[in-house]
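Chemist: Protein chains in written order, with the numbering used here: chain F, 1 to 86; chain V, 1001 to 1457; chain A, 2001 to 2457.
Any given hint could turn out to be false.
As the list claims (entries may be wrong) - Here are some of the chain A residues that sit facing chain V, going by a computed Cβ distance under 7 Å: (1) A2061; (2) S2064; (3) Y2070; (4) F2076; (5) G2078; (6) H2311; (7) Y2314; (8) I2340; (9) S2380; (10) E2410; (11) E2414; (12) L2417; (13) N2420; (14) I2432; (15) H2433; (16) P2436.
Stated by the list, open to error - Cut-off 25 Å, straight-line C-alpha distance, at most; resulting in silico cross-link-like pairs (SDA-like, lysine to any residue): (17) K2073(A) <-> E1163(V); (18) K2213(A) <-> G2375(A); (19) K2221(A) <-> T2384(A); (20) K1069(V) <-> L2055(A).
As the list claims (entries may be wrong) - These stretches of chain F come out as covered by chain V in the derived footprint (C-beta under 8 Å, 3 or more residues): (21) 24-38; (22) 51-61.
By construction, these hints were calculated from the structure, which means they are not laboratory data.
We treat Cβ as the ideally placed atom computed from N, Cα and C, and that holds for glycine.
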Amino acid sequence: KPAVGGGSNAPRTAGGSRLDAGRRSPVVSPIVRRIAREHGFDASQLDGSGPDHLVMRRDVESFISDELGSATAPAATSAAPLARST
Amino acid sequence: MSEQNFDIVVLGGGSAGYAAAIRAVELGLTAAVIEKDKLGGTCLHRGCIPTKALLHAAEVAEVSKDAAKYGIKAAFDGIDMSGVAAYREGIVSSKWKGLQGLLKARGIPVIEGEGRLVAANAVQVGDDRYVGKNIVLATGSYSKSLPGLDIGGRVITSEHALELDFVPKKVAVLGGGVIGVEFASVWRSFGAEVTIIEALPHLVPNEDESVSKQLERAFRKRGIEYSLGVRFQSVTQNDQGVVVTLENGQTYEAELLLVAVGRGPVTENLGYEEVGVTLDRGFVPTNERLETNVPGIYAVGDIVPGLQLAHRSYQQGIFVAEEIAGLSPIIVEDVNIPKITYCEPEIASVGYTEAKAAEKFGADQVSAFDYNLAGNGKSSILGTTGSVKVVRVNDGPIVGVHIIAGRAGELIAEAQLAVNWEAYPEDIAPFIHAHPTQGEAFGEAVLKLAGKPLHAI
Amino acid sequence: MSEQNFDIVVLGGGSAGYAAAIRAVELGLTAAVIEKDKLGGTCLHRGCIPTKALLHAAEVAEVSKDAAKYGIKAAFDGIDMSGVAAYREGIVSSKWKGLQGLLKARGIPVIEGEGRLVAANAVQVGDDRYVGKNIVLATGSYSKSLPGLDIGGRVITSEHALELDFVPKKVAVLGGGVIGVEFASVWRSFGAEVTIIEALPHLVPNEDESVSKQLERAFRKRGIEYSLGVRFQSVTQNDQGVVVTLENGQTYEAELLLVAVGRGPVTENLGYEEVGVTLDRGFVPTNERLETNVPGIYAVGDIVPGLQLAHRSYQQGIFVAEEIAGLSPIIVEDVNIPKITYCEPEIASVGYTEAKAAEKFGADQVSAFDYNLAGNGKSSILGTTGSVKVVRVNDGPIVGVHIIAGRAGELIAEAQLAVNWEAYPEDIAPFIHAHPTQGEAFGEAVLKLAGKPLHAI
Ligand SMILES: Cc1cc2nc3c(=O)[nH]c(=O)nc-3n(C[C@H](O)[C@H](O)[C@H](O)COP(=O)(O)OP(=O)(O)OC[C@H]3O[C@@H](n4cnc5c(N)ncnc54)[C@H](O)[C@@H]3O)c2cc1C
Ligand SMILES: Cc1cc2nc3c(=O)[nH]c(=O)nc-3n(C[C@H](O)[C@H](O)[C@H](O)COP(=O)(O)OP(=O)(O)OC[C@H]3O[C@@H](n4cnc5c(N)ncnc54)[C@H](O)[C@@H]3O)c2cc1C
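Looking at chain F on its own, in the form it has when it is part of the complex (with noise of 0.2 Å):
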């Protein structure tokens, strides 16, 4: 067993964690911070449950199903792709 890893797609509950504008978490997947972006939050501001708080996908989609009180689709069929002007 390698001494590296924890299972991270593992549909481990993500614990409601809350937004603090204070927090850094790491997002790594443009995915889950654009599913956060359309939902009008940062997603680095959720306590990830990945791997050193690795903000994950299942925490966006449970952070939004529980305290948005809306159902996550899959990002891409939300909403256009990109609003490009920088």
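On the provided structure of chain F, position chains V and A with the ligands as indicated by the hints.
Modeler: For chains V and A with the ligands alone, coordinates are given in the frame of chain F:
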């Protein structure tokens, strides 16, 4: 007797070691690399690069033999092993030169000599002592054998196999893992009769079973023989060749026996245990941030239990430098690291096999679709067959991708991002792959899993 | 005189049309496809597939010629054009059979015959009327010429060029875009002398300028001649060949002239204007949801202004079916659709060129890094050179990727995801590409843009 001080002293200048040093100096740290042989290590000199040169020569041979199928008149006339060697050596030496230049430009001293860990913060090379605020162990691996199976004469390892100046008429390969099937593939293309002996029930036993089975079929068609599920017992050799005996009494005669049963860690007699570093069957266990049980001593690359791959070594080297610099890099689990086997047809995979995904997430929680390349235009044009299997969690992310096909290796990059970024098939579906590419097969499998197949039912 | 009713009537059975029909029936709608020639259209019968077969035959020829470099003894002995034709036709006919089976299995009627739009909700074929709640126009494109340049005799288009049963000794190609450079590349590999005539200052003028320049260098090395920046004036032909004259008086003699100056929309005399569909220089303008000015009439594929690519056609076909079904699919802008040019070396790109990105985001807001494949092990092994350029917005996403190299086509799939998902280089950086692959070059460029180059300075 001199002493020099660095932020990081790296023992071993292979993929893992030099990557750590490069990243360290980028972050403003000082680093030195201690290397007893050649910078670049196994991968550059005895591993990835020279084997892939042989495999490309094998591909050229196959293309030449098959040219008429495509309307090209070409007469294949055998292998010129000195030409193959010149090509292989040319690639290795130019990459080696480039790598040396890279470290030089970065101002990283590469200390020639055999190092020994003499304290939790020091490596000794001859009379000289290199003291580091942190130590990175990166001493790599060597070709293992089995108990009672002596390497020598006609019983060889991959190091020797790489440098053979002739094509054996008949060769036996012990081990149907990556290295075994790659050499089997090369030798077959070069005209040898090849038999692979694998104790487990399948070739490439770490891959998804459907991939193993397809490889077995493809190898059988290519005339590569194999024995599966029966263990090796013994080998004898004389002037004429070797005789390999399996536990069931079956024997195989050949000119040579390649032993490709795995790679062991290079950790013996290097002072590791004396300084207090715990070893586990020779490997160096670490925490998930690659630190050993001795604070300040890290381990990277093939000596760390898990996948033995050059890009994992790079990743771990970079990770450790960033960790020491306080950057808290993210962890990439072994399962999410892509693996390529460069035999013909190639195999590429990332994430969980279908069986492992079912185990992990529950069989009723996962779906898989295996897109047959018979439906893929570009693969037909290339004359290759195979499939792309995508495994998803239902209403969840893609957790595994398993490909077998000529040129499959390049197709795994996209899958690596999908798996590591937790993409759902629905996220990828709107972005139709360029036509005609082999990558479309991944697209078709994904479309199917998203409930909207295009060129599939 | 019969009348049949469907949810969707699709006029034209090319990539765009059949994709719309397939997606429609998946969504529970009824659909029919009207096709006057062969299901599959340009791409399958006269475009993507047969050209890529020729290009692969060309690759086989090159490999055979170069075999000695890799230590393989092979004597190249010319091209057997009837063998090439058999190979090409074999691929096309097997894909055609597969496609017919696919629509049949889906229960989609394919009506043979020339259709004409006769009402906002009806297409007429002979005596039969096909009424649709929605109509999808998908009549595709044809090879254009220039004013005063007549096709015929030794002045040919790609349709004719595909089917040539000989290799011309000397050939002129008018147009240095995708189709022109692909045929130039094939013919050169088959032994012809080739000259490309392009009015714009560069070959493949829609690509990043650095890619165009590298292609020009590579073509020059291959002995492909070209004239850039001077316009075609006239051509004369006789029994011996053609003489092409440019506006500056320069003349070129050749056996044949291939006219590859673009593709025009097939929209004339099909009833479009009579029913009120607005045309713009023959193309069918639509809103961003692909509906024409007539409600209920949609247009997809090459007749819609923009990129003319098979996978854009698939995407638009799927999009329109989903739109009609009320699914509100996401829009993919043309700039984010990958493009591949399959000449040798191949070109693949997605997103903005460096120049366009500078225009759009401000020159000081973008950074680019062009990783030279001289540093990429797998490319050296394959004997190919080139580069991978990645363009990012500073502190922002990757907005363009531009690749030139042998086998570049497969490398764009990953870039397509990165660009469409607005990935930052920092998002990709932790996931080190499998070694040794050509895809590592994209990884290296990304690492550099993330401020942490590995095999680069
Ligand atoms: C035949 C073969 C093919 C392979 N193909 C691939 C492939 O295609 N893709 C892939 O990803 N991986 C491949 N691998 C695996 C890859 O080569 C290894 O994973 C990688 O080289 C591990 O890197 P490392 O830095 O941990 O160790 P190594 O590359 O083994 O480097 C360790 C270095 O440490 C030096 N060293 C050891 N002890 C000392 C000491 N006491 N003092 C000083 N220096 C010391 C050694 O000389 C060596 O240079 C292949 C391996 C083999 C054998
Ligand atoms: C030489 C060449 C190479 C190409 N290579 C590539 C490539 O590698 N990759 C790529 O992505 N693209 C490539 N293309 C472009 C690609 O072929 C087109 O983008 C694609 O075929 C467009 O699809 P479509 O459905 O819009 O039109 P088409 O494929 O042209 O299909 C239109 C169909 O409508 C039918 N039709 C027209 N009028 C009527 C009517 N009145 N009644 C009934 N049927 C009618 C036609 O017979 C035809 O079958 C290439 C094109 C050419 C010419």
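Chemist: List in ascending order the numbers of the hints, as given earlier, that are violated by the structure.
Modeler: none
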